[in-house]
Each structure stands twice: as C-alpha cells, then as structure tokens.
Amino acid sequence: MTLFGLAVRFGGRGRWLSGAASVLVGALSTVALATVMGLAGFLAGSERVSDSRYPGPLSAEGCVLFNQVFDPYGSVAYERLVVARAEEDRCATVAPPPGLNDWPAAGEVWASPRMVELAASDQTMAARFPSIAGVLGSEGLLAPNELRVVVGGDPAVLEAGGFAGRFDRFGAARTEWVEDTTRMSKSVILAFGLGFVVPSTAVLVYLLVGLDLKARLREARLLQLIGTSESASRALLASAAVSRACLGAAAGALGSWWWTGSHSPTFAGLRAYPGAFRLSLGGYVMCLAVVVAAAAVGMTLAVRRVGAQARSVNVASTSMLRGVAGLGLVVVAVAAAAVLDSGSLGAAIARTLAIFGAIPFTAALLAAIGRRLFVSREPLAMVVGARLRRPASAVVIAGVAFAGGVYLLSIASTTVDLASTRVAPLDALSSDGAVVVRLRGDGDVLATIGSYPKLVATEVATTAEWYGTCVDLRRIQGASPTPCPSGGLYIDPGGTLPETLPPGVVAEQARGTRGESLWGSVIWIVPPGDTIALAPRAIILALVDSSEAIPLIDAVIAADPTTHVSIGSFEWIVGASEGNAGLDVLRWAGLYSAVAALIGLAVSLITVAMERHAQTGYLHVLGLRPDELTTTDVAEPVAAYFIAAATLGPAAMILAATLASERAEPAGSAFSIAAPFLVGVVIVLVVALAARAAARFSLRRNPTLDDHGLR
Amino acid sequence: MLGRHMNLEARGLGFSYAAGKEVFRDIDFVMRAGEVSAVSGRSGVGKSTLLMCLAGVFDYRGQVLYGDELLPRSRSGRAAARLAHVGFVFQRGELLPDLSVIENVALPLRLQGVEVSAAVRAAAGWLDRLGLAEVSGSYPGELSGGQAQRASVARALAKEPAIVLADEPTAFLDDESREPVAAALLGAADRGACVVIASHDQRLRSTAVNMLDLVG
Chain D
1 MTLFGLAVRF
11 GGRGRWLSGA
21 ASVLVGALST
31 VALATVMGLA
41 GFLAGSERVS
51 DSRYPGPLSA
61 EGCVLFNQVF
71 DPYGSVAYER
81 LVVARAEEDR
91 CATVAPPPGL
101 NDWPAAGEVW
111 ASPRMVELAA
121 SDQTMAARFP
131 SIAGVLGSEG
141 LLAPNELRVV
151 VGGDPAVLEA
161 GGFAGRFDRF
171 GAARTEWVED
181 TTRMSKSVIL
191 AFGLGFVVPS
201 TAVLVYLLVG
211 LDLKARLREA
221 RLLQLIGTSE
231 SASRALLASA
241 AVSRACLGAA
251 AGALGSWWWT
261 GSHSPTFAGL
271 RAYPGAFRLS
281 LGGYVMCLAV
291 VVAAAAVGMT
301 LAVRRVGAQA
311 RSVNVASTSM
321 LRGVAGLGLV
331 VVAVAAAAVL
341 DSGSLGAAIA
351 RTLAIFGAIP
361 FTAALLAAIG
371 RRLFVSREPL
381 AMVVGARLRR
391 PASAVVIAGV
401 AFAGGVYLLS
411 IASTTVDLAS
421 TRVAPLDALS
431 SDGAVVVRLR
441 GDGDVLATIG
451 SYPKLVATEV
461 ATTAEWYGTC
471 VDLRRIQGAS
481 PTPCPSGGLY
491 IDPGGTLPET
501 LPPGVVAEQA
511 RGTRGESLWG
521 SVIWIVPPGD
531 TIALAPRAII
541 LALVDSSEAI
551 PLIDAVIAAD
561 PTTHVSIGSF
571 EWIVGASEGN
581 AGLDVLRWAG
591 LYSAVAALIG
601 LAVSLITVAM
611 ERHAQTGYLH
621 VLGLRPDELT
631 TTDVAEPVAA
641 YFIAAATLGP
651 AAMILAATLA
661 SERAEPAGSA
671 FSIAAPFLVG
681 VVIVLVVALA
691 ARAAARFSLR
701 RNPTLDDHGL
711 R
Chain R
1 MLGRHMNLEA
11 RGLGFSYAAG
21 KEVFRDIDFV
31 MRAGEVSAVS
41 GRSGVGKSTL
51 LMCLAGVFDY
61 RGQVLYGDEL
71 LPRSRSGRAA
81 ARLAHVGFVF
91 QRGELLPDLS
101 VIENVALPLR
111 LQGVEVSAAV
121 RAAAGWLDRL
131 GLAEVSGSYP
141 GELSGGQAQR
151 ASVARALAKE
161 PAIVLADEPT
171 AFLDDESREP
181 VAAALLGAAD
191 RGACVVIASH
201 DQRLRSTAVN
211 MLDLVG
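Quick mapping for you: the protein sequence lines, in order, are chains D and R. Numbered per our numbering, the first sequence finishes at 711, counting up by one with no gaps. Numbered per our numbering, the second sequence finishes at 216, counting up by one with no gaps.
Same shape as in the complex, but just chain D:
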C-alpha cells in the first residue's frame, strides 16, 4: 500500500513541474542558508586574522616597533605597515607579523597578492612599489584581494624618529573588525540575513506545497476510500512534499559545498580565500534540517488552509479597512525610516515593514479596480474585473514581495551611491585647487620633493612647531599673504589658547580655508630666502596642486616605503570604503529578496494557472479568444505588481531623498529610482506568461472542460 501511495505521489501527469519546482526551491533555500551561515564563518575568520595581525597594546618596553599608514589609492585606502623588531636581545624571539615567516629587512616590501598584481599592472602602484620582496601569506590577510603592504623598517630609525609605536607582540589586541568595517555587529548581520532567508524559505515551500496539494488531497482521500488509514495517507502526502524539498536541499547543500571549495562571494569588498564560506558537515546538515522543517511547516499550514475547499483559489482579503490600514503602515514605516538614523536597525526594520503594509493595500486596491472593471460593458474588461475583484492571495503576496525586493535593492543602491560620492575629488577640497600633503620620513628623501610652499618640523618629536616663511604659511592656510609678526605665531582654533606660549610667539585666530590644518601649531617665521635645514627624520607640510598630490606621494613612497603620507582636509577614503562594504549586507538582502520573490511569484502563478486551468477552458467554450484568455491570466499578477511598485516606488524615492539630504548630496533622478520598478513590470509579465505556458504544458491538454479529468 505504501508503495502504491508513493507511486501515486510521484507518478503521473503534471507532477514533473511541481517536483522540479520543489527541488529548485529546496536547493535555493539551502544555498541561501548555507551562504548566510558561511558568512558568519567568514566574519569570524576575518576577525581572527584582524586580531592576530594588529598591534597592541602599546608598551614602552615592547619588542615590536611599528608605524601604520593608510595610503590613498583611487577611491579606496590601503594599509602600509612599517615594522621592525627592537634590537634588544630579549626581543630576538618575538614572532614576525602574521603572513610572514621572518622579519622583513629594512626597506623590504611584502605585499598581498592583489597588491602584487597591481604593482605589475597599475601605474600608481608600479611607481610606489617598484620592488616587492614577496607575497604576504593568508594568515596575514582577510582576503587575497585585500590591499595591504608590510614594509621592513630600520629599528634605530623608527625608534629615533619618535613617531613609531611599540608593543609586545602581534595578536595581543582585540579589534572590532566587523563593526568597524560593516558598521553593524555580526549578530545584526546574521539576524538580518536569517531574517530574510528563513521566512522566505518557509513561504516558498508553502507555495510549492500548494502547487499540487489539491490533487494530492484528492488522492489521499482516494487512498482512504480503498482502505488506507487517514494518518497513513496524510503521512504519504507529507512525505511527498517534504522528500522533494529534501532532495532539493541535499542538492543545494552539495552544490554549495562544491562551489565554496573554489569560490567565495564578495562581501565587505573582500573576495575571501576559497573555502572561507564552506561549512562543516554539521553546518550543511543543519541547513538541510531547517529547509526540511520549513517544508513540513509549510505542508501543515497548506493542508489546513486548503482542507475543505479543494477546487478554488485562496482569495486575498480585500477589506477596504485593511487596505487603508496597510497604506497607513506604509506611510508610518517610511516616515519612521526617514527620521531614524539610516544605519540603525530600527530604520532597517521600518523599511522592511513598509513591504508588509503594501500587501493589504494592494489587495484592496486590486479588488476596487476589479469591481469597477466588472461593471464595464467591454467584455474583456468585465472578465478581468471578475478576477481582480477576488485576487489570489499567493499572487498578491508574491507580487508585492518582488516589488519589495526591488524596493530594498533600490534603497541599497542609493545608499551605496551616496556613500561612494562622499569621496570628494581632490580638486574640490579647496577653492584654489591646491591641497596640503603631509609627509613624514627620511629627511634626505623629503628634501627632494621640490619647491612647493611648505612648513617644516625639524624636531619630529614636537611636530606642533613648524618653520616656514610667512608667505608660505599664508598660502598653506589659504589666506591672503599679509605681514606676519617676526618670531612666531600660535594658530588658535578659537578660545583654546594655552596657558603659556613660547617667548616671542603671538596668538592669532586660524585664517583661510585650510587654516584648521594648523590648529594648535606654533609657526616660527623664517625670513624669505633662508634655507630651512631638514633633520634626518622630518615632517613637511607642502601645498601641492591637486593634480600633483598623488604623483608626489607615489614618488616619496617609491624613494622610501617607510614614509608616512596623508592629505590634509581630506575626508578619509577609508571611511567611505568601509561604509560601502557595510552596505553589502543591504545589497545581499535586497538581491536575495528579489530573486526569492521572483521564484515565489513564478511558483504562485503556476499554481494559480493550474487551478484556474479549468475555468480558463470554460471561458474559452463560452467564446473568449485565446489572446483574451492570456490577457485575463496575466492581468492579475501584472496589476498586483504594478500597484505594489506604485506604492513602494515613491517610498524608495522618499527614502533616497532623505539619505541624500543627510549627506548634503543631490538625490538621484526620479527615473533612476523608477526604472527598476518599470523593468519589474516587464519581468512580471514574462514570468506570468512563462508560468502559464509551463502550467499548460504540464497539464498537456487543450482548454480543459473538466477539472477532475486533469489531475
């Protein structure tokens, strides 16, 4: 009897479609779950590497001398770590930096694989690092595409220079890598990821179970009629749905295991080492168990819901009251998301809640449109109206979910775009197109930089004291060249005058557009024409034309890779690139939502097309032409999506404008926001037509006359 029941389950006409879809959804859900779990593993691994390679805590007796620099490179910044082992005997055994087997010699450059590639292919990197001694190992890198350089320093120079730190050993300090890089904690990222994946898995499986559930229920009743117990027939019913999802889950787990062995997705700007996202066997078993459990829950819910009415489509609630409440939820959620800090969990929840509000609103509006169309004299409009006024809940939910995925993607894209534009071009940093470059390193190297207006710190331990001419000072400040007092000037940021000033120094308020770069500094005025002697280790502030800044940095790093460089007044690129990286979370969530919702939409449409196949046939017999029948079939999903898109599209625009105003950036054009939603209409139309064709091909019959004969 069991074998017969299983044969009924898996055999027969039309089963291949639901079977294939069940396997697909099981696989997709498992891959998504495994990826989220893999992400957790990747983040944990990254944190371990981050902890192991970072200096600290600082100690005056420490054996490791270091100077950490972040060099600008295009729209990102990379780390250049200058290190040396202290010369004391007790330090002979201290371990080298992670990724290196031994301490690098002075001036020796070790780089990440990506940096080595760039040094061979990119003009800037080739100029900065003409000679690379070796490649950093994976123990010292978050990912092979990370831009990182370790440079050997001269311990005597580092120590004498006064600007190097000392610490006992690498790996003694804890870092906040995840929080610093993604602007979210690991638990928030995981909660966000699982919050998207697990419910959508359950919903997809629920939809799938419904794909041919009504036919299966009839068969279960048939089995009962010929003597199978109710529990046994239900068990067979459940086993069919769950086993197919399980089969898909196993395929998904296997596929995920295979793929992650040689690939890894990009997250936080890093393409991890192969295997970083691979789970343990137990991890894959857990993912599989979650999918199977979701299938079982979906099966139970679907059986309960379908139960008594085996021949009709589940109709969405079209209550106008609920529709108004749904619209209210959208408005409140968008307002809350606009008011809350855009990076907060509360704002993320509010954005997501807007999608839930769109569901009842879409259903109610569809029904209202349907009622209007139904009284039309135009026959086709009347038939479409008849369907719209009682829309299928699965189609409405899937349509809104797809629009919701596009909406999340749209917000993520806007945020990413805005974060990217935070990196202002260098020539926008000052009205005269010049920037202040700060160089700290070997005096002989710095002496070669050319005749830029500059201030020089001759005692590197007291960098708040500079020497320069009055003209150079004013030009660096971006102020009109006016006479200066002889002796010295203290640049007062305003109200923070120190109690004592060196003799002969006069305080004055910071002046000019770049005055803040000298806040709190004492400038010793040098007569024009005097030569300022550079110490063996020195600091220079040079006013450089913005187009010359990067080539200057390239040149000094090439001459001495231990030189510390930075650009004054420059909002550090590293901040923006970390922000971009953090937004990968949103991008992943939005993309997954859109893909999962699209699959859900396809499954829903196949389900509904199969359930309405007979009705379509009756309409054909009554005289509706094939093209009219197609129109009636696709009108519902297209209209549901269109209404959802028309609701969530403006919401996305409002949030985009809010995000833009937060950063004083112009909002993206309305078209750039609307375009993905408009493209969505075409996608839904294509999916609807494909689902209809798949359902008809599966049923392999001309317009049907008898639903009973179909299954």
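Worth double-checking, as some hints may not be accurate.
[Claimed, not checked] To be clear about the criterion: a stretch of chain D counts as covered by chain R if any three or more of its residues have a C-beta under 8 angstroms from a C-beta of chain R, and this derived list gives those stretches: (1) 377 to 391; (2) 613 to 619.
[As the list claims (entries may be wrong)] Label-pair ranges, simulated between beta-carbon atoms: (3) ALA293(D) / TYR17(R): 40 to 50 angstroms; (4) PRO72(R) / VAL297(D): 48 to 58 angstroms; (5) SER76(R) / ASP341(D): 55 to 65 angstroms; (6) PRO72(R) / PRO199(D): 43 to 53 angstroms; (7) ALA84(R) / VAL679(D): 35 to 45 angstroms.
These are computed hints drawn from the structure, not numbers from a lab. Note that this is a predicted model, so its numbers are computed, not measured. Quick reminder that beta carbons are idealized off the backbone N, C-alpha and C, glycines included.
Chain D is fixed; fit chain R onto it per the hints.
Below, chain R alone, put in the same frame as chain D:
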C-alpha cells in the same frame, strides 16, 4: 435576442487525439433549426468530444457549418462564432467560482456586450424559470450538483443562442428538476434554435426529432 435561425451541419467530420487515437471520422449530418437532435452511444464513444468539435473547441478534421457559414479554422475565429451563436451546457455545470450564480448566468450576455442591468434581468428570469431564484446570489461552491447543472442550462440559454449544445444536461438531476430543464431545451427549439443533446437520458432523447448514434 435569438439571431437568424441556422442549421448545424457537419461534413466529413473527424477527430483524433494528439496521441493518434481516432475517436470518429467522416461524419456527415445536418441538424435543423427549430428541432431537437440527440447524440447517443455508449460511454466513452465520443459524444462529448463531438459536441466540442461542433462548438469549435477542439481541432477537428472536415467542416462544420453554422447555417451557411463555414466555421473558421483559427481558434480565435471559432471562439468568436461560438460567442455569437452557441450556448453550451456542461456535463457538471462548470460554473466559474469567482462569479455568483446570477453573474455566471449573465456572463454570456455580458461577453456579448449587453449592459449589466439588462444581462442581470435576463439572467434572473432564466434562474426563476429553472427554479434557482433563491440561490441567485450564491457562489458555485455553495450549490448542489443538480443546482449547478440547472444554472449551466440557464447560462447556455440566457443569450438565446441559435445553436444549443447540451452535454448530459440531466445527468445529475432528479425527476422534479429534470422537467424544467427539458422544458427549457424544448422551448429553445420551439423558438427556432438548433438544439443538440448528448445524453443517456432515454426520456430526454425521446423528445429528439433526429438521432445520431455514435458507434466505437
């Protein structure tokens, strides 16, 4: 509402399923307007299939003529002819679940562009005639099999078609319900419609002037 009276004619009519199984071939007949014709034969011989071919739903071989007009080859053309001239009674009623009973009955009229109020008025009259006035606002899922079948008869006759094709119209009806259905079909013939009934119901078949016996 009834258009011009028209005969229903088949010339060399044949039908095979896609798998190649032939159901019938080379059938010729003329069923006249104003008469009831019956199609008989054992179960599975192809009575319903024949009606579907005559309605232009299935792709057949040969020719079907409504009056002097040859039924077009295209599915769209056949659908348009069906909408204009044919009322079809389904074996199990087969009402659309999204529409109430009265909306189902008014549907063919509305598909022809008749105004809502006029279509509903006509539908209400037919429901009353067939004893379904009290369930006119119900949905199909709430009807018994017999009620659904009577509603299907009302739907087929509401637009007063020139050709009525009825597939087992009394299969699920008790004696009391059978009478108004039979009367309605005969009434359609009296008004000039060409009525074709496929039925095992001996009493209904006895009302037919012409008899087409299908043999497998």
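Going through the hints against the structure:
1. 377 to 391: Check passed, 9 qualifying residues.
2. 613 to 619: Contact hint for the segment 613 to 619 of chain D vs chain R: holds, 4 residues under 8 angstroms.
3. ALA293(D) / TYR17(R): 40 to 50 angstroms: Given a distance of about 44 angstroms, which is inside 40 to 50 angstroms, the answer is holds.
4. PRO72(R) / VAL297(D): 48 to 58 angstroms: holds (52 angstroms)
5. SER76(R) / ASP341(D): 55 to 65 angstroms: Holds: the Cβ-Cβ distance is about 59 angstroms, inside 55 to 65 angstroms.
6. PRO72(R) / PRO199(D): 43 to 53 angstroms: For PRO199(D) against PRO72(R), whose Cβ atoms are near 51 angstroms apart, the range 43 to 53 angstroms holds.
7. ALA84(R) / VAL679(D): 35 to 45 angstroms: holds (41 angstroms)
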